[in-house]
Amino acid sequence: MALIRWYEHPEVARPGWELDRLQKEMNRLFSDFWGRGMSPFRVGVYPAVNVSEDTKNIYVRAELPGMKPDDLEISVEGDTLTLRGERKLAQAGETVNYHRREREGGRFRRVLTLPTKIDPGAVDAFFKDGVLKIVLPKAPEVMPKQIQVKTS
Numbered sequence: 000m001a002l003i004r005w006y007e008h009p010e011v012a013r014p015g016w017e018l019d020r021l022q023k024e025m026n027r028l029f030s031d032f033w034g035r036g037m038s039p040f041r042v043g044v045y046p047a048v049n050v051s052e053d054t055k056n057i058y059v060r061a062e063l064p065g066m067k068p069d070d071l072e073i074s075v076e077g078d079t080l081t082l083r084g085e086r087k088l089a090q091a092g093e094t095v096n097y098h099r100r101e102r103e104g105g106r107f108r109r110v111l112t113l114p115t116k117i118d119p120g121a122v123d124a125f126f127k128d129g130v131l132k133i134v135l136p137k138a139p140e141v142m143p144k145q146i147q148v149k150t151s
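Count the sequence shown with numbering that gives the first Met the number 0 and you get residues 0 to 151, in order.
There's no promise every hint is true.
[Stated by the list, open to error] Dumping the calculated DSBU-like pairs for lysine-lysine here, alpha-carbon to alpha-carbon at most 30 Å:
1. Lys-132 to Lys-144
2. Lys-127 to Lys-67
3. Lys-127 to Lys-116
4. Lys-132 to Lys-87
5. Lys-116 to Lys-55
6. Lys-55 to Lys-132
7. Lys-67 to Lys-132
8. Lys-144 to Lys-116
9. Lys-87 to Lys-144
10. Lys-55 to Lys-149
11. Lys-149 to Lys-132
12. Lys-132 to Lys-116
13. Lys-87 to Lys-127
[Stated by the list, open to error] Here are the computed distance ranges between Cβ atoms for each label pair:
14. Lys-127 to Val-50: 11 to 21 Å
15. Lys-55 to Gly-77: 46 to 56 Å
16. Pro-68 to Gly-120: 29 to 39 Å
17. Leu-28 to Pro-68: 27 to 37 Å
18. Pro-114 to Gln-90: 22 to 32 Å
19. Met-25 to Gly-104: 27 to 37 Å
20. Thr-94 to Pro-114: 48 to 58 Å
21. Pro-68 to Arg-100: 34 to 44 Å
22. Asn-26 to Ala-124: 28 to 38 Å
23. Lys-127 to Ala-89: 14 to 24 Å
Simulated from the structure, these hints should not be mistaken for laboratory data. All values derive from a computational prediction rather than experimental measurement. Think of the CB as a built atom: it goes at the ideal place given N, C-alpha and C, for glycine as much as any other residue.
Model the full structure from these sequences, guided by the hints.
Below, the structure is given as structure tokens:
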């Protein structure tokens, strides 16, 4: 007959309790160091984009507040659209203490894989009120073709 030890402490009797304890301790450590709700691994995706399509075109709309068209570089290669630029923010000065800072400046590069092939020679881009609109016509080979039925 096998002897089974009985532990009074509920965490000791549970398999994996040490890993749970370690995770709680690491979460507490990061919360104390970085502050609650903040993370050094926070990833901001800039610019925010919407991609849509109809039968003839793919449309990309990107929010770029405060930027100028000259600050942007748009390129298309195959089924990949790349937006590059630099977002410049006014310097607040060394004596300013921020209570909250959510807007960041600096260089950005956003790469989007498009859902179908496009005609790179016919791409148009428009910039108005901080919104960039790119119209990407679909390539002729991917456009739906109407086939006429013949009678004999």
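- Quick one: which hint numbers does this structure break? Sort them smallest to largest. 9, 11, 15, 16, 17, 18, 21 and 22
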